[in-house]
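Novice: Chains as they are written, first to last, in our numbering: chain A, 5 to 347; chain B, 5 to 253.
Just so you know, these hints were derived from the structure itself, not from any lab.
Just so it is clear, CB atoms sit at the ideal spot from N, CA and C, and this is done for glycine as well.
Heads up, a few of these hints could be off.
[Unchecked claim] Cut-off 27 Å, straight-line C-alpha distance, at most; resulting in silico cross-link-like pairs (BS3-like, lysine-lysine):
id	chain 1	residue 1	chain 2	residue 2
1	A	Lys67	B	Lys250
2	A	Lys127	A	Lys106
3	A	Lys175	A	Lys67
4	A	Lys151	B	Lys93
5	B	Lys194	A	Lys67
[As the list claims (entries may be wrong)] Which stretches of chain B does chain A cover? Using the computed rule of at least three CB atoms under 8 Å from a CB of chain A, they are:
id	region
6	16-24
7	85-98
Next come the chains, spelled out residue by residue.
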Amino acid sequence: MIEAIGLTKRYGTTVAVDDLSFTVQPGMVTGFLGPNGAGKSTTMRMILGLDNPNDGRALIDGKHYAALHHPLTLVGSLLDANWVHPNRSARSHLRFMAVSNKIPTRRVDEVLELVGLSGVARKAVGKFSLGMKQRLGLAGALLGDPKVLLFDEPVNGLDPEGIYWIRTFMKNLAAQGRTVFVSSHLLSEMALTADHLIVIGRGRLIADAATKDFIAQATRSSVRVRSPQLADLHSALVRSNLQVNDVGGALEVVDAPIEQVGDIAGAAGITLHELTPQVGSLEEAFIQLTGDAVEYGGSRARPAAVGAPGGAQPAGTFAPPLGPASPLPTAGPAPVPQDGDSR
Amino acid sequence: MTLLNVERIKLFSTRSPYWCLAAIAAASLGFATLFGLVENGEAAIPYLFLRGVGLGMSIFMVLAALAVTTEYRFGTIRNTFLGVPRRPKVLLAKTALLAVLGAVVGLVAAVASYFLAKALAQRPPIPLELSTWDDWRQVVGYGAIFAIAAVIAVSVGTIVRQSAGAIAILLLWPLILESLFTLIPTVGEKVGPWLPFAASDKIVAPTTGITNLFQPSGGPDAVQGLLVFAGTGVVLWLIALLLLQKRDA
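Chain B on its own, in the form it takes in the complex (with noise of 0.2 Å):
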């Protein structure tokens, strides 16, 4: 507990963290607004709306990682293990710190937004309710996907400690890599949707009805897209583990 406190600590006395809450606030309304109130909202379904909040995914990714590497860049990290020489101690505070506030950004962002659009759209395509568990997976999802990005952004900032080659990985991993790699022929295809960042994507992804469409068939449904997406968290974060262990601060 002692720990956590002194991530938050050190996570809210600098400005990034503000900068980027704001601007996932931004991306995730911003992006409700637009669906919201563009032709009457005929094109409001959650799928599409919530975008915005999966672009504040890698605003998140962002924060988080520069919450590892920022200690690097100004050896702020030296007096941390100063403090709290057991280096283990220190990751998994701030992953738990970064997971926690990751799960309630996303969370807040996804279903502010939800409600934003409901209220702005007038002709949405199918009611806007959440009535079953499908209805609520598609919206409260965010807070899982946030959460965990946010434990591979820590682990990937550990790794390669260093602000601009950590958010390079993180930001063209899930926007270029993963799409890169489906371009194979039949690996590719089959592969593809199980790669971390698109299988994420299932956590939130419809399942029935028109929006279904925008899917892309085959690959993992909900839950096995979770657990690809978290293994991916864990094996990082044990990476980051050892390599924090072994090397010199």
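This is chain A alone, in the form it adopts within the complex (with noise of 0.2 Å):
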């Protein structure tokens, strides 16, 4: 388990996280999602105390990281594939980090083996590709083998087969019963991966939500209607207490029943040539949520069709009224297994 209570970090005047507070729980995957210079990383950093923040603290089962005996054995991590000597060889990379956690080395070519990289383990890891130098980060991450893991963008740069198996890969160890907590800037992604989900925007918690909640939540769903009797269809919805929108030729009902449209039309006689249902898309939603807390976005930078509201409010105030303990998905954590194999 995961906790972060109150975790401030301020770069001069910048803000990066501000009292962040969250928890993430085992057996499941958690998605840390939020744009570009969010404080995802920063979060991170600070949960596996290579920061140190300014304010709160981040408990790993309880305890600050500094103050884990081997700390491998409890937490893996892999926040930057690029942290590796291009000298060094992919096996001399994972030894060093298994010694110092008096992990025996025959651990190393387990992992080696897992994530796929065998053949190379000698080799420098220089000559890898971004692919590569993912697995051999997975394979650290996974050294002792761990109760909680934490990645942070895993699939950036992934062509789709390296996506696909970090994602599969993920989902094995969060079925293993373990904590596995991810951060993407990728909502669709998230909603593939990801059980639940801690949503930040310029380091402030927006939501800590259910993936499925999250998602059914925060896209606006609304039917299309087209008919020759626009306007008589138009009041008939009106008068059913339905919200709608013209858009042009046809009506837009928002937050409605596709069946109820329907049912409204029938009654009144009216002749539909059109009846879809719309489901807004991830990207907008999320969007939407986040929107204002772009840390570098611009305002062109924003569509206008998602009605984002304008730029001069703070951050969380428009968020949707998502509640914070939403219910969590009833996978029981499941004894970790000695070896690490997920496949």
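Since each chain sits alone in its own frame, please combine them into the complex, following the hints.
Specialist: Listed below in structure tokens is the structure:
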């Protein structure tokens, strides 16, 4: 379990992480979502004791990272796959990490096998492709067979096969009862991987909810109808207390079941030419939520169609009322197996 | 012990230390060979033909500084701290490994150069014998110099965290900065010999005989020189430790 309690990090006058509190539960993949520059990496670095918070604390199983004895056997992490010396072999890279935590050398060969790098174990890492470095980083994270895993943008720059591979890998780790905390700026990716989401923007918590709840509440659904008797249909729908928007030759009925719209039209004897469900994209939802929390976003960068509120508003004030404690998936923590094999 | 092993794996799993060690051997033995052969070895005085080992000290400082700065350059310092979050232990292990390695390298380079020059020189100005403590000091003193220089280099590397900057400081300081200081009237002359690297030279400088002519008068004796040099290492190391604890990795 990972806990952040009032975590705050300032760089000069810039507040990178602002009073951030959340809990990451074992047994599932928790996505850490936010636009670039939202403070995801900084938060992860504070959890891992690399950066010192100005305020608040981050605990792993109730302890500061620095207080952990042989931390790699409890916490595995991959923050940046490029943290390797180009002239050092993959095996030596893992070996120095293993030795520092008294992990037997045989485990180095095991994890290399696990990520499919056995064939290049003695090659200098500088020659590796990004995908291979990513696998090496993953091997490093798995060295100590840890209960808690943190990944920072693990699929960035990977090809589809690599993305699929990592996604499956993380899900398996979580299914084994481990705590998996993975950051991303892509909601579509997280929708496929994460069971739970912690969403931040400009260092502040925007949402902490189950992925499906988050998506259901954040994406606006509507029904598009066309009819030769558009005016009659409009009044019939309004009479049923539905919110109707006129969108040039068609109507958009907000937040109504498609059946209800059809029934209303039928009861009024109105001919329909079109009746289509419209689901807002995940990206739209994400932009809507974090819209104002994009640190480097220019005003033109925000699509007007989404209807995000204007720029001057402080982040978070327009966030939809997502329950802070949405019900968690029931997958209980399973005992962590002895070897880290998860394929 | 575990952490010393970690640092050993890190150091010797890259190429640069091997190049540096080869360069130290070449500088030390090359200089000794020259002095042994030229003019039948008439200039073969330990203090002079071991200057190559002194150059080796600069190379060793580069090696030691790189052991820290490349970790920052490539981000592996974070892997190191993820494994060992107690940073003082990491710095201590790194310093200890390089100091011990320095002592061995300095000692071996000086002894090997000494016997090489002795074997080659046919008419040395004074007999090349290791009979008194003073004779020994001028050779084995390099072990101490290398060890302390390693501590200074690791500290500077940790403070600066950047290869080019650290190497520039470590090369310019003994070669230029201290000699510039001695040019300052009155003060320079008195304080100059007490500056760390000038003082370190006294550890192996002759105190008697014709070779004493090469020595500027005044300044510390061998033990005082050792203390000044070691003190510099300790102070820099404590500053490095403080910054390492305070800064984000």
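Novice: So, for every hint listed, does it hold in this structure?
Specialist: So, going through the hints one by one against the coordinates:
At roughly 20 Å between alpha-carbon atoms, Lys67/A and Lys250/B fall within 27 Å of each other, so this suggested pair holds. For the hint linking Lys127/A to Lys106/A, the alpha-carbon distance of about 24 Å falls within 27 Å, and the restraint holds. The suggested pairing of Lys175/A with Lys67/A holds, with an alpha-carbon distance near 25 Å, which does not exceed 27 Å. Of the supplied pair hints, the one linking Lys151/A and Lys93/B holds, its CA atoms being roughly 25 Å apart against a limit of 27 Å.
Note on Lys194/B and Lys67/A: the hinted pairing is violated, with a Cα-Cα distance of about 55 Å set against a maximum of 27 Å. Counting residues of the region 16-24 of chain B whose CB falls under 8 Å from any CB of chain A gives 4; the rule of at least 3 is met. Only residues whose beta carbon comes within less than 8 Å of a beta carbon in chain A count, and the region 85-98 of chain B has 6; three or more means the coverage holds.
Hint violations for this structure: number 5 only, all remaining hints satisfied.
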